[in-house]
Amino acid sequence: MNVKICTETFESNKPASLATYLKYGGYEAWKKIITEKTPKSSIVEKIKNSGLRGKGGAGFLTGLKWSFIPLENKQKYLVCNSDESEPGTCKDRDILRYNPHSIIEGMLIASYAIGASVAYNYLRGEFIDEQKRVFDEALKIAYQENLVGKDILSSSVSIDIYSLIGAGAYIVGEETAMLESIEGKRGMPRIKPPFPAIKGLFGKPTIINNTETLASVPKIMRNEPDWYKNIGIGDSEGIKMFCTSGHLEKPGNYEIPLGTPFRDLLELSGGVLNKGELKAVIPGGSSVPVVKGETMLQLNMDYESISSAGSMLGSGGVIVMDHTTCMVSVLQRISRFYYAESCGQCTPCREGTGWLYKMLTNILEGKGTISDLDTLNRIASQIEGHCICALGDAAAMPVRSFLKNFWHEFEYYVDKKQSMVS
Amino acid sequence: MTNKYTIPIAIKNEIDHVRAKFPSNENKPAIIESLLILQHHNDGFVTDSIMRSLAEYLSVSEIDVLEVATFYTMINTEPVGRNVISICNNVSCMLRGSDDILKHVEKKLCVKVGQSTTDKKFFLKDEIECLAACNGAPMMQINHKNYENLTLDEVDDILDKIK
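Chains V and Z are the protein sequences, given in the same order.
All the letters of the first sequence, read from the start, carry residue numbers 73 to 494 under this note's numbering.
All the letters of the second sequence, read from the start, carry residue numbers 32 to 194 under this note's numbering.
This is chain Z alone, in the form it adopts within the complex (with noise of 0.2 Å):
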């Protein structure tokens, strides 16, 4: 059992703006944009005390955070690494060499996708879909920024550059 989360005045302001979008009858529909708040100012994933919180503030039940939670790719509920690297091979990039980009990182930062290194900068995540940038091929996304027509010297010197 894990200590209770207090959600912090600053991103309850947020939360409310979210719900300030929909009816006022309905609760439920702030909880994608909430989650994707609460783990952006959590290291990048929400813990069940967190979940537990929101469901409190959002007056729904702790089931509907949990299922929105575990359905939606970008929210992650284990601890991962600080910087988020989506790498899409998907048919268009697999066409333009993808996966030796993907195979260029593993090697690179010692992970198999899935992984976050051990010093927690990266996460290689998984589930990538089709990122559409399918014209920029190969193409990756670090922390939501997109990096197109990549070769693996480019990689390289994105990756060196990241704190």
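Okay, chain V solo, but in the shape it has when bound (with noise of 0.2 Å):
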């Protein structure tokens, strides 16, 4: 099945213009929404019954994380999360891009179905020029167009979106860090409970979602129940963005339904590089647990078929190593990520992240020892689990998995004091 969601517009010629979104069905279920005072309760259940999973990382259930938005009548944010920067993660900047009506409809619901008159959309610093730009451009037409703002299309229901820009920290993207980061303070992520659905921004109830996850919501609203949770394969629902990035032909992003062979995802973006052999795959950002590429070639992209290999599908960031990489330098460059952006809040994090980069700089540097490796492999165990958001897990998770799926490379590394495959 050929299906596209928040690929849909991409291959048009103006992409972003609202003629082309209008064309697609565009803003068809929120004008239904808006003239039949659709009840939100019957917003959430569809939502609920379709399978929508967040698609930022955790893959939560979107209908779920909504219901849990208290019912009485007070002040409620809806945060969509545009902060992309999970590394090997690149989806949400072409949604912004090619499609942001979409973006702008599925706020418009998800507003409309938690009771939020104000909605905010939270750009990374980075997406300053062309993101930004797009989405505050489509936003304009819809204002203009009565689509979204004060007494929309007469039916007496106000939502204002507003765009905000962060200025370059990864830690933003963690839901409770975006809150403090749009409150204006440093992006720290706070301890919950409380949830956000129960006491967010501004103290107020809020409900945070990712890019892609709103953008998928129109398409589903405007079709039958059970559409969305038929697209996919097997027991798997629905369909996701992947992007495939690394060793590859053709990297780019692919919206394939979710159980799609990791093998189908490979030929679409080219194969690998220069016909070379699949060494790794990290499949879902680089907080994941790297897979084996023999293991890879077995698995299918869905929930369950990734974690079956002790990974996980996270943001849809499919990271392709070919049989010339060296796992060690690798691994050092994604401990060296989070121990940059560690907000320094807990200290497992804080010193950990650190410990994990100069002990795998010093490996590489030919100075490491044999022990080490446990050493690593322990202070990884320490990180895990033990701090406020999932950062610590997220820069554990990879020391972990490139130890067990490659222990004889660190360990020829330690001893020769140069790479296996250099």
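None of these hints come from the bench; they were simulated from the model.
A few of these clues could be false.
Stated by the list, open to error - Below are the EDC-like pairs computed for lysine to aspartate or glutamate, each with C-alpha atoms no more than 16 Å apart in a straight line:
| hint | chain 1 | residue 1 | chain 2 | residue 2 |
| --- | --- | --- | --- | --- |
| 1 | V | Lys301 | V | Glu483 |
| 2 | V | Lys257 | Z | Glu137 |
| 3 | V | Lys276 | Z | Glu57 |
| 4 | Z | Lys52 | V | Glu255 |
| 5 | Z | Lys59 | V | Glu252 |
| 6 | V | Lys257 | Z | Asp95 |
| 7 | Z | Lys52 | V | Glu117 |
These numbers were taken from a predicted model, which means no experiment stands behind them.
Take each chain as given, in its own frame, and dock them per the hints.
Right, here's the structure in full:
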């Protein structure tokens, strides 16, 4: 089945224009909801039943998340998380610049469903040039058409949408850190509970959804209840954008049904670069455990299949490595990232990420010992599960999986003081 | 002690526009975007006196502004070159040769990452996150504009054309 949702407009002449979006049935769902005054609960139910899961990384059921919002009539907020920065992930940037109206309509429907009168789209700072410009232009037009704003299409429903810009901090992609950042503070994650649905932005109930998740909502609403559920293969419901990168002939963004064999995604991406041998794959952004190439070739791109191999579907950032890749260098690079991006709030993460990075750098410089490898594992296990947010886990999981799957290569490096592959 | 900085009316208008996005009793949310605006109008960095004036204008404490300015890597508190170059060398870019690009640019501009050229034309930014252009690797941003699928020759061409 060749269904497209978020990428539907991508091939059009003017992908970001309102005319293009309308051609694909854009804003039909929204107009229907506000004219018919669809009960909020039925929207939440429909999204819940569709099986739509958060596409930012955690894969939590979107409708279920919405249902946590208190019913009473008070100030609530919706936040769209466009702070895309998980290494290997570059899908939201394309939705923002090639299908911005789908995000706006998704934000409107979500805001209506949870009873929020204000919604923010938080874009990472580096998106200021293209993505923010395109999104803001689309938003301006949506305001002019009175699809957004006060008394929308004379329905007496009012929802304002604002775009916000970050200033460089990976951690702000964590939902409570994002709330701190919107409040104008350092992006340090909050302790949960209370969860944002109860006490979020400015202390008010707030739902935070990823860009791709919200952009998927309009088309799900437009179709029959089971439409989204029935896309996919076997037990895997729905569709997902995968960003393929690394050693590939045609790296790109591919929106495919969940459950599609990894082999097919590899083929879509043109196969391994220069007909190289597939060595390893990080299937869901750099935070998730690495999988050996031969194992990956047996897996399907869905939550269950990837998790059966001890990894996670995550954000859909699929990083492919061929036989020339030095796994020690890759892990050191990943560790540098988490060391640089730790907010510094929790000691295990602040100190541990630094130790991991420094020890791996030592190994790369030929100063490592075999006992360092056990120490790396030990530090990783002491970070994991001991911090407020998942960044510590994200730093630890690659270390443990790289060592587990490629132990011989690390052993070789400390012994011979050089890489096994070069 | 630096001189007091007066925020020009045009910038105040921009800041007021940012403030209007938030509840009227919340002053802090405008800090981040205001710093980016002020930095944009001040050769790419903010001074102590700029931060102090912003604190005063937004009715927040100076430490609130300083905390934000030092937490977010896109805000510079020291003078930098006019054109900001960010070369991503996270995993996806590394696999496609970004380390060679970085070395090449360091050599060409006679700077190390984190430094500006002596003529203040370029700033080779450090603490670069993944810039979310992984399937266009290797890539760099110059003044927030993306250049993707780079070769060393293309890097030369791009840099040579910048004024």
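Right, here's what the structure says about each hint:
1. V:Lys301 - V:Glu483: 46 Å, violated
2. V:Lys257 - Z:Glu137: 34 Å, violated
3. V:Lys276 - Z:Glu57: Answer holds: Lys276 (chain V) to Glu57 (chain Z) is near 13 Å, not above 16 Å.
4. Z:Lys52 - V:Glu255: OK: Lys52 (chain Z) and Glu255 (chain V) at ~11 Å, within 16 Å.
5. Z:Lys59 - V:Glu252: 10 Å, holds
6. V:Lys257 - Z:Asp95: 7 Å, holds
7. Z:Lys52 - V:Glu117: Violated, at about 31 Å.
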